[in-house]
Amino acid sequence: MQLTEQQVLALAPDSGSAGNGKKLAQAKNWPTLGRSTRALWGECQGSGSKPYQVRVDLADYASKCSCPSFKFPCKHAIGLLVLTANQPGLVQENGEPEWVGDWLDKRGETAAKKEAKAAAKAEAPVDEAAQQKRAAKRNERVGDGLAALQLWLEDQMRNGLARLPAEGPGLFEQQAARLVDAQAATLAGRVRALADLPGGPADWPQQLLSELGRLALTIRAFERIDSLPPELQHSLRAAVGFTVKEEDVLAAATPQRDEWLVIGQALDEDERVRVQRSWLQGRHSGQIALLLQFAVGTQPFAQRWLPGSSFAAELAFWPGALPQRAMLKGTAEPAAAPTAFTHRHSIDSLLQHAAQALASQPWLERVALVLADLVPVHQNERWYAVQPDGQALPLAAGDYWHWLAMGGGVPRDTAVEWDGHTLRPLGWFADGRYYPLGEQATWNN
Amino acid sequence: MEQLTRLALVGTANAPVDAASLPAITALLPEGSREQRLLWAAGADALYRQAGQRAATVMPASPAPAETRRPLPAALRPVVAELLSGRLEELQPWASTHLAECGYVLPPESLLTVLAFNHKAQRAAWLPLLGERGRWLAAQNPDWQWVLQAAPAPADAAELEQQWQEGTPAARKTALTAQRQRDPALARDWLAAALPQEKAEQRQALSEVLADGLSSDDEALLNQLLGDRSQGVRQQAAGLLAQLPASALAARVRERVAACVQWQVPDAPQGTVAKVGAWLSGKRAVPALSINPPNELPKDWERDGILAQPPHGTGARSWWLAQLLGLLPPDAWTAPAGLTPAELLPLLKKQEWDDALLDGVARAAVRFGAADWAAALLAQPALLYRDPALADALWQTLGDEQRGSLISNLLQADNLDALERLLGSRPAPWPATWSPLLLQTLRRLDFLKLPTKRLSPALELLGMAARHAAAGDIPAVVQVIENEIGQLAGHTEWQYQQLRSRAERLVALARTRHTLLQETAQ
Chain C
1 MQLTEQQVLA LAPDSGSAGN GKKLAQAKNW PTLGRSTRAL WGECQGSGSK
51 PYQVRVDLAD YASKCSCPSF KFPCKHAIGL LVLTANQPGL VQENGEPEWV
101 GDWLDKRGET AAKKEAKAAA KAEAPVDEAA QQKRAAKRNE RVGDGLAALQ
151 LWLEDQMRNG LARLPAEGPG LFEQQAARLV DAQAATLAGR VRALADLPGG
201 PADWPQQLLS ELGRLALTIR AFERIDSLPP ELQHSLRAAV GFTVKEEDVL
251 AAATPQRDEW LVIGQALDED ERVRVQRSWL QGRHSGQIAL LLQFAVGTQP
301 FAQRWLPGSS FAAELAFWPG ALPQRAMLKG TAEPAAAPTA FTHRHSIDSL
351 LQHAAQALAS QPWLERVALV LADLVPVHQN ERWYAVQPDG QALPLAAGDY
401 WHWLAMGGGV PRDTAVEWDG HTLRPLGWFA DGRYYPLGEQ ATWNN
Chain W
1 MEQLTRLALV GTANAPVDAA SLPAITALLP EGSREQRLLW AAGADALYRQ
51 AGQRAATVMP ASPAPAETRR PLPAALRPVV AELLSGRLEE LQPWASTHLA
101 ECGYVLPPES LLTVLAFNHK AQRAAWLPLL GERGRWLAAQ NPDWQWVLQA
151 APAPADAAEL EQQWQEGTPA ARKTALTAQR QRDPALARDW LAAALPQEKA
201 EQRQALSEVL ADGLSSDDEA LLNQLLGDRS QGVRQQAAGL LAQLPASALA
251 ARVRERVAAC VQWQVPDAPQ GTVAKVGAWL SGKRAVPALS INPPNELPKD
301 WERDGILAQP PHGTGARSWW LAQLLGLLPP DAWTAPAGLT PAELLPLLKK
351 QEWDDALLDG VARAAVRFGA ADWAAALLAQ PALLYRDPAL ADALWQTLGD
401 EQRGSLISNL LQADNLDALE RLLGSRPAPW PATWSPLLLQ TLRRLDFLKL
451 PTKRLSPALE LLGMAARHAA AGDIPAVVQV IENEIGQLAG HTEWQYQQLR
501 SRAERLVALA RTRHTLLQET AQ
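Keeping their order, the protein sequence lines are chains C and W. Counting from 1, one number per residue, gives the positions in the first sequence under the UniProt record's numbering. Counting from 1, one number per residue, gives the positions in the second sequence under the UniProt record's numbering.
Among the hints, erroneous ones may be present.
Stated by the list, open to error - List of simulated lysine to aspartate or glutamate pairs, EDC-like, C-alpha gap at most 20 Å: (1) C:K137 / C:E109; (2) C:K113 / C:D57; (3) C:K28 / W:E504; (4) C:K23 / W:E101; (5) C:K121 / C:E109; (6) C:K28 / W:E159; (7) C:K23 / W:E504.
To be verified - Have a look at the derived ranges for each label pair, beta carbon to beta carbon: (8) C:P201 / W:A192: 30 to 38 Å; (9) C:G200 / W:A20: 57 to 65 Å; (10) W:R6 / C:F294: 54 to 62 Å; (11) C:D389 / W:T26: 47 to 55 Å; (12) W:R6 / C:S227: 28 to 36 Å; (13) C:G189 / W:L28: 25 to 33 Å; (14) W:G103 / C:A397: 36 to 44 Å; (15) C:A397 / W:A61: 49 to 57 Å; (16) W:Q162 / C:D389: 31 to 39 Å; (17) C:A119 / W:L28: 42 to 50 Å; (18) W:Q122 / C:F294: 38 to 46 Å; (19) W:P451 / C:G398: 52 to 60 Å.
Said to hold, decoys possible - Taking beta-carbon pairs under 10 Å as the criterion, some of the chain W residues facing chain C (in silico): (20) A42; (21) V58; (22) A75; (23) E132.
Calculated directly from the structure, the hints in this document are not laboratory data. Remember, it's a predicted structure, so these values are computed and weren't measured experimentally. Ideal Cβ positions, reconstructed from N, Cα and C, are used throughout, including at glycine.
Work out the full structure, taking the sequences as your base and the hints as a guide.
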């Protein structure tokens, strides 16, 4: 287990927990420390007389602590992980105490029960007629919503975009709300995202027109959805806002077993919802999988995927022309700690890959993969990700000094997200250790 | 796409002609209204462009050079992170200096915090810890130029001269300082040649370099600076000339002092300083000084850097006198009389112009590095209150032993207030002999019996012990503080509660310091 402090801090729910956890990561606070093949534990001397008992499951880095904190993971769990990352010699292999073994066993049982429940539900008889009726009704509503969107788009074309900066964001928000009512939530999100564009960046008219045009193409495709191949139908329905329930994914998909490396993690948040994207890559297959998690407000995410760690498991993929989104089937088992990425690309090959992906699934929002030998370069007030031969792509708006400081300008294999316009770096390996590059990476200061 | 965008901006209702798209797209467009065709063409064009995106070309810079200093041990990383986060702020100056002296370099994740520092002293203390990586980073961000300016002067003679000719003001001073150490005469020539083109501020900053390795060879240039337009430059030159006993200015100073300060010894009409010793040993009446500074500031005094305008609250004549005495080597008082400063000082205090006398002697003690005078002056706590900056300068001239006995005296006199003022902000670690002294006093202290107004100085004393005690004494310091905390525990009055939380913080501080010392000792 070769953890880095930065990697572990990516688990912290906020910068306060990260800071407090780091403070606790000193040997003097931990009278007892130990680890086994499946867990890590320690007793942390707090202000009370009884030390807090902290345990971490090494398969998925779930943790439990006897402290009363409602933060998850709490500062003690983070402290234990940071200490393990910085001074692994202090944590010796040892027999699991009862309070560790019991907890692990209980976790295993809960997971098994959940799976049995899902299986039982899948086998339960379904009222097909009622289901079809519901589906038809929903199709109709969405169809009406999209027809209204098409008229709205044409209005914008007729009257011209030049007046929009004066109109304000309300125009887009209203249209987005109508799409929500029509149960086309994904399209609603895309329309809402346009609200701040008019009058914004210098090339806003072109950006806006591109997006409106792509919306129109989506509507046109949906009008003719029956003529599309079945996989593409799934992708299109997802792009409009139809969802597939997790149990249906589990029931329908052929799961793919592999050793999955969490190549990186990205977090997007607006006022209400936080969306976490964990990108995995199969060690043997090279398959990329996206695990999406949503949380409201400051609620923690249900599952923790430690970037740069690896686990063996079966993943079930959502249906579509280019299956990407996936979920865990069953439980994960810890795998040998990865020391490097397994599949790497040049920037040219990333662009080729992205073009091919768009050709088979034109509604694809982004792809993720590992670029070989990348360094950030600050030039003329802009940041680029650069390979040694000079191939470069612009980085998403942000501050990359932290990346530059950590990397020292040495080219490293780096996991990235590419949305067709800018790159977002996720993390890299150096000397067998993983360094995340998300927002959490800066908690370190 | 440009044509499509132009059409969309204006609106199809306001433009009669359709815009052209790529032929491949136009050929595929189905029938539809003008608005529909514009939307579809734009959507397809956007997809085309996204799919056909090409890489830009940017050449990467060379990576950071390898570090030459030692990496920070893992056990110290959380401690350093805590220090850099601003907690335990008062430990920062000492800790950064100590870590730098141990030859460490910060881990990369801490560099950005240090690069963002604004405070001059803080920057200087952490600078060596930035290492190669930090300097490499700083070269890429204009906000971090201070790191490069503070770089040491190059060893190569040609590079040094280039830095002197072309560098920033700070870099030029660095180059001149380095040259002064290698070849004082050449440095003087550089300076003399450059001075006419410099601004007053820079003239003063650069000529300050002459203080290093000062010799009578510098007198000609300093005399020239004495005629400078800038008052600051004149004053500085006078200060340096005064340190050259054979200089004309030093002779003028001696004459002027002799003219306006004379010992009045009743039985000895010669009335010179030399006779005072005899009077003292004879235990006769207190010898008096006849002091008579000029009523108008003479022009030649002003030329020698004496400022005409006194600070608020000081009389003009007194001010001139103090400045003049500040240029006189202090052994001009002691040597002829055969007395120690400690013996002579009480005499000076009994004179009519005592403030000006003490002020002048103190300035002289600093200027001429007279440690015996500094020790005697600092034993007068009044000085600490009147002019903290001067007191600080005096303290700097003392050796460890003198500092130790000074502290010991103040401790014995229970003068905690004076101690706090003297030692409160000093980052230097204490010599091993001091901690036991202080601990002795601290063990005697009982917070509950102290009058309220003495609580704060007493706590400050504990803080000093926590910050400065030698490594081996820290556990004892922690024990003393924890005893006090224990005593305070039962008292709920706010002043005791506040005291307790401050004391708890001191324990944390002492422990962190202990960790730091232990880990760096390995």
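Results for each hint:
1. C:K137 / C:E109: Between K137 of chain C and E109 of chain C the Cα gap is close to 40 Å, so the pair fails against 20 Å, i.e. violated.
2. C:K113 / C:D57: holds (18 Å)
3. C:K28 / W:E504: Satisfied, since the Cα-Cα distance of roughly 17 Å is no more than 20 Å.
4. C:K23 / W:E101: violated (25 Å)
5. C:K121 / C:E109: holds (19 Å)
6. C:K28 / W:E159: Not OK: K28 of chain C and E159 of chain W at ~50 Å, beyond 20 Å, violated.
7. C:K23 / W:E504: holds (17 Å)
8. C:P201 / W:A192: 30 to 38 Å: violated (57 Å)
9. C:G200 / W:A20: 57 to 65 Å: At 27 Å between Cβs, range violated.
10. W:R6 / C:F294: 54 to 62 Å: With a Cβ separation near 40 Å, R6 of chain W and F294 of chain C fall outside 54 to 62 Å, so the hint is violated.
11. C:D389 / W:T26: 47 to 55 Å: violated (37 Å)
12. W:R6 / C:S227: 28 to 36 Å: Taking Cβ atoms as reference, R6 of chain W and S227 of chain C lie about 34 Å apart, which means the hint holds.
13. C:G189 / W:L28: 25 to 33 Å: holds (28 Å)
14. W:G103 / C:A397: 36 to 44 Å: Holds - the Cβ-Cβ distance for G103 of chain W and A397 of chain C, about 40 Å, lies within 36 to 44 Å.
15. C:A397 / W:A61: 49 to 57 Å: violated (21 Å)
16. W:Q162 / C:D389: 31 to 39 Å: Given about 35 Å between the Cβ atoms, the range holds.
17. C:A119 / W:L28: 42 to 50 Å: The hint (42 to 50 Å, Cβ to Cβ) holds, given that A119 of chain C and L28 of chain W are roughly 47 Å apart.
18. W:Q122 / C:F294: 38 to 46 Å: Given about 43 Å between the Cβ atoms, the range holds.
19. W:P451 / C:G398: 52 to 60 Å: Hint holds: Cβ distance 57 Å, inside 52 to 60 Å.
20. A42: Holds, about 3 Å.
21. V58: holds (4 Å)
22. A75: A75 of chain W check passes; min Cβ-Cβ to chain C is 6 Å, inside 10 Å.
23. E132: holds (9 Å)
The structure fails to meet hints 1, 4, 6, 8, 9, 10, 11 and 15 from the earlier list, while all remaining hints are met.
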